[in-house]
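A.B. asks: Protein sequences appear in the order of chains A and B.
Using our numbering, the letters of the first sequence correspond one by one to residues 889 to 1023.
Using our numbering, the letters of the second sequence correspond one by one to residues 20 to 166.
What the hints contain is simulated information worked out from the structure, not anything from laboratory work.
Keep in mind that the hints are not guaranteed to be accurate.
As the list claims (entries may be wrong) - Here are a few chain B residues that face chain A, going by a calculated C-beta distance under 10 Å:
id, residue
1, I38
2, S40
3, E47
4, L66
5, S74
6, I78
7, L79
8, S81
9, V112
10, T116
11, I119
12, K147
13, D150
What the hints assert, rightly or not - Once the Cα atoms are required to be at most 27 Å apart in a straight line, the calculated DSS-like pairs of lysine-lysine come out as:
id, chain 1, residue 1, chain 2, residue 2
14, A, K924, A, K1010
15, A, K960, A, K895
16, B, K75, B, K125
17, A, K943, B, K147
18, A, K943, B, K122
19, B, K64, B, K77
20, B, K75, A, K1010
21, B, K64, A, K924
22, A, K895, A, K943
23, A, K895, B, K77
24, B, K147, B, K75
25, B, K77, B, K125
26, B, K64, B, K147
27, A, K943, B, K86
28, A, K924, A, K895
29, A, K1016, A, K960
30, A, K943, B, K64
31, A, K894, B, K122
32, A, K924, A, K960
33, A, K894, B, K125
34, B, K147, B, K125
35, A, K943, A, K1016
36, B, K125, B, K64
37, A, K894, A, K924
38, B, K122, B, K86
39, B, K64, B, K86
40, A, K1010, A, K895
The model shown is predicted, which means the values in this text are computed figures rather than measured ones.
Backbone N, C-alpha and C fix where the C-beta goes; we use that ideal spot for every residue, glycine too.
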Amino acid sequence: MKRLPKKEYISIRHDSDILYAADQARCMSEQLGFVKIQYSCVSLAVSELANNIYKYARSGNIIIEPLNNNNKMGIQVTAEDDGPGIQNISEALREGFSTKGTLGLGLMGVSRLMDEFNFDEKRKTGTKITVIKWI
Amino acid sequence: MEFNKNSNTYINEFEGVLIVSVNSDLDETILTEIQTSILNTIAAKSLDGVVLNCSKVKILDSFLIRKLEDITQMIELMGSNAILAGLSPEIVVSLVTLNIEPKTIKTALNIELAIGMLREIAAEFEEKQEDENLELEDIDELDETLT
Chain A
889 MKRLPKKEYI SIRHDSDILY AADQARCMSE QLGFVKIQYS CVSLAVSELA
939 NNIYKYARSG NIIIEPLNNN NKMGIQVTAE DDGPGIQNIS EALREGFSTK
989 GTLGLGLMGV SRLMDEFNFD EKRKTGTKIT VIKWI
Chain B
20 MEFNKNSNTY INEFEGVLIV SVNSDLDETI LTEIQTSILN TIAAKSLDGV
70 VLNCSKVKIL DSFLIRKLED ITQMIELMGS NAILAGLSPE IVVSLVTLNI
120 EPKTIKTALN IELAIGMLRE IAAEFEEKQE DENLELEDID ELDETLT
């Protein structure tokens, strides 16, 4: 059985951390066997999630971990922060992405780039989003 | 010791065309410097246009695409033309998946083709200018007879 890469914790505090997180996600995806187009989608999703943390919460974490579901490989990314939180997730998802101004969280796009999208509704403060992509 | 990269590191002038090397790790500050540098150069010289070379871009996220849209729009407001070149298959797949609807930006597969497009646009504009100049002469004559 191939050894899985280690879970990674990346703190998002400076804008340079955004690219770092995206790069780490790309590396791990590549290691796990995702093809180029797939791992480009993963790193873009991470970039968008990290951008949101930096823009709205100023600081938070991106956690990247490998998944092995009966030899079906995948990657899981959790984006969490103690920022303002998302009051209405279904609206945020529906509103899509606007390139005008700074409105829009781009979450619709993130959910399209990945296979699974989960928003933690039980969380009292801040935001926690978990996304998964399978090979 | 930090290597101080400024906007000039990323901008090259080649036979009347500005070639800008865009990559994923350009932050807000340097992108704004590059933008200013491009616009000042357009104001100062006669150029056929600007090629935004994205062949080294690994991740084209919403932040970067917005900056590129803005820069492109500013270049065109100054009466020049901008072409995005070298977008990779992976970039365009993820861009469309993200469902971003970028404002209309002209694109080309690579720098050579982008320069070719800019030359064509410049040549067409020159031809049009020549035709319009003839009309202007008629207007001048008419103006004189009226006053």
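A.B. asks: What are the numbers of the hints that this structure violates, sorted from low to high?
C.D. replies: 1, 2, 4, 5, 12, 13, 14, 17, 19, 20, 21, 24, 30, 31 and 33
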